[in-house]
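**Q** One letter stands for each residue in the lines below.
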Amino acid sequence: MKPEEPPLTPPQVEGLVKLLGLTREHELTCGECLEHVGEFAEAQLAGRPLTDAMAQVEHHLALCPECREEWAALMKILEASR
Amino acid sequence: MTQDEIRWPDALRATDRGEQAAAVSALRDVLLKGLRIALGSRADVSEAHLEDFAQDALLRVMERLDQFQGRSRFTTWAQSVALNTAFAELRRKRWQDVSLDALIADGGRMADPATFPDDVLGVGEDRARLVAALREAIENDLTPKQRAGILAELRDVPFDQVSALLGTSRNAAYKLLHDARRALRKRLLEAGITRQDIQNAFPT
Numbered sequence: 441m442k443p444e445e446p447p448l449t450p451p452q453v454e455g456l457v458k459l460l461g462l463t464r465e466h467e468l469t470c471g472e473c474l475e476h477v478g479e480f481a482e483a484q485l486a487g488r489p490l491t492d493a494m495a496q497v498e499h500h501l502a503l504c505p506e507c508r509e510e511w512a513a514l515m516k517i518l519e520a521s522r
Numbered sequence: 113m114t115q116d117e118i119r120w121p122d123a124l125r126a127t128d129r130g131e132q133a134a135a136v137s138a139l140r141d142v143l144l145k146g147l148r149i150a151l152g153s154r155a156d157v158s159e160a161h162l163e164d165f166a167q168d169a170l171l172r173v174m175e176r177l178d179q180f181q182g183r184s185r186f187t188t189w190a191q192s193v194a195l196n197t198a199f200a201e202l203r204r205k206r207w208q209d210v211s212l213d214a215l216i217a218d219g220g221r222m223a224d225p226a227t228f229p230d231d232v233l234g235v236g237e238d239r240a241r242l243v244a245a246l247r248e249a250i251e252n253d254l255t256p257k258q259r260a261g262i263l264a265e266l267r268d269v270p271f272d273q274v275s276a277l278l279g280t281s282r283n284a285a286y287k288l289l290h291d292a293r294r295a296l297r298k299r300l301l302e303a304g305i306t307r308q309d310i311q312n313a314f315p316t
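For the protein sequence lines, the chains are A and B, in the order given. 506 is the number that my numbering gives to position 66 of the first sequence; each next residue is one higher, with no gaps. 308 is the number that my numbering gives to position 196 of the second sequence; each next residue is one higher, with no gaps.
In case anyone wonders, no lab produced these hints; they're calculated from the structure. Since the model is a prediction, treat every value here as computed from it, not as a measurement. Ideal placement from N, C-alpha and C gives every residue a C-beta, glycine not left out. Incorrect hints may appear among the rest.
For each label pair, taking beta carbons as the anchor points, the in silico distance ranges come out as [what the hints assert, rightly or not]:
#, chain 1, residue 1, chain 2, residue 2, range
1, B, 281, A, 508, 16 to 24 Å
2, B, 130, A, 492, 40 to 48 Å
3, A, 521, B, 303, 47 to 55 Å
4, B, 298, A, 492, 20 to 28 Å
5, A, 451, B, 141, 27 to 35 Å
6, A, 495, B, 130, 41 to 49 Å
7, A, 472, B, 141, 28 to 36 Å
8, B, 238, A, 521, 44 to 52 Å
Derived PhoX-like pairs: lysine-lysine, alpha-carbon spacing no greater than 20 Å straight-line [claimed, not checked]:
#, chain 1, residue 1, chain 2, residue 2
9, B, 145, A, 516
10, B, 257, B, 287
11, B, 298, B, 257
12, B, 298, A, 458
13, A, 458, B, 205
14, B, 298, B, 287
Put together the whole structure using the sequences plus the hints.
**A** Listed below in structure tokens is the structure:
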């Protein structure tokens with residue numbers, strides 16, 4: 441028998457609903473995000489407008505905490521080397 | 113010559129072994145410096161870890177050299193690969209003892225809407241309707257893998273680990289969860305809960 445676990449908490453349910461609100465038919469995978477995140481980070485630092493491809497990166501980062509963590513670390517490196 | 117001036121991809125592919133070795137060594141230094149900036153303050157990361165991450169990242173960058181398309185500086189691209197490599201390993205270590213069964217033991221059960229704080233999931237009937245629709249969708253509209261993945265994601269299990277638990281790649285895990293979210297959203301729409309209703313309830 442599987443162990444009994446507490447049900448999803450209200451914040452977890454809220455998190456799911458928020459994810460559904462952000463869900464699009466077409467989204468970048470993590471691998472596709474990785475291919476573009478460098479360009480996205482450099483554009484952000486330079487204050488350049490986002491291209492369509494970079495807007496898709498921004499959307500993926502809103503949905504994916506792991507890619508968001510890696511992007512934040514990349515920004516830290518780029519800012520330190522300015 | 114500064115590092116920005118090195119024509120990295122050409123130097124890393126150089127047939128002159130001395131030139132190539134110098135470029136590989138320089139890139140390793142760049143990656144290690146970046147990893148120190150990004151991860152050096154973490155309690156779970158030692159200098160030895162950073163050296164290992166830099167070495168693993170260097171190998172991965174060399175394997176993927178043909179994928180660099182010049183949309184960013186080469187070092188920015190290489191740093192993004194290095195961070196992806198390092199974070200994947202850190203997440204793997206953190207979650208290595210967690211089993212998928214433990215994460216999904218409760219199936220799609222959710223807290224009783226009546227017990228939710230007032231500021232969560234709207235109010236009254238709307239809240240109950242939304243939670244009921246979600247519960248039904250998780251139980252009936254998702255495959256076992258999708259259900260396991262969604263429940264793991266809601267418990268903050270990283271995609272790297274979800275993919276390891278499901279025996280698939282991180283890209284495939286993301287796609288699996290994307291399909292699951294689309295299925296859940298479809299069920300909400302069929303229940304009369306629109307995207308606008310969701311966005312109004314949870315503005316981002």
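**Q** Would you mind marking each hint as holding or not holding in the structure?
**A** A quick look at each hint next to the structure:
no.	hint	verdict
1	B:281 - A:508: 16 to 24 Å	19 Å, holds
2	B:130 - A:492: 40 to 48 Å	43 Å, holds
3	A:521 - B:303: 47 to 55 Å	50 Å, holds
4	B:298 - A:492: 20 to 28 Å	26 Å, holds
5	A:451 - B:141: 27 to 35 Å	43 Å, violated
6	A:495 - B:130: 41 to 49 Å	44 Å, holds
7	A:472 - B:141: 28 to 36 Å	29 Å, holds
8	B:238 - A:521: 44 to 52 Å	49 Å, holds
9	B:145 - A:516	12 Å, holds
10	B:257 - B:287	12 Å, holds
11	B:298 - B:257	18 Å, holds
12	B:298 - A:458	14 Å, holds
13	A:458 - B:205	29 Å, violated
14	B:298 - B:287	16 Å, holds
Checked against the numbered hints above, the structure breaks hints 5 and 13 and satisfies the rest.
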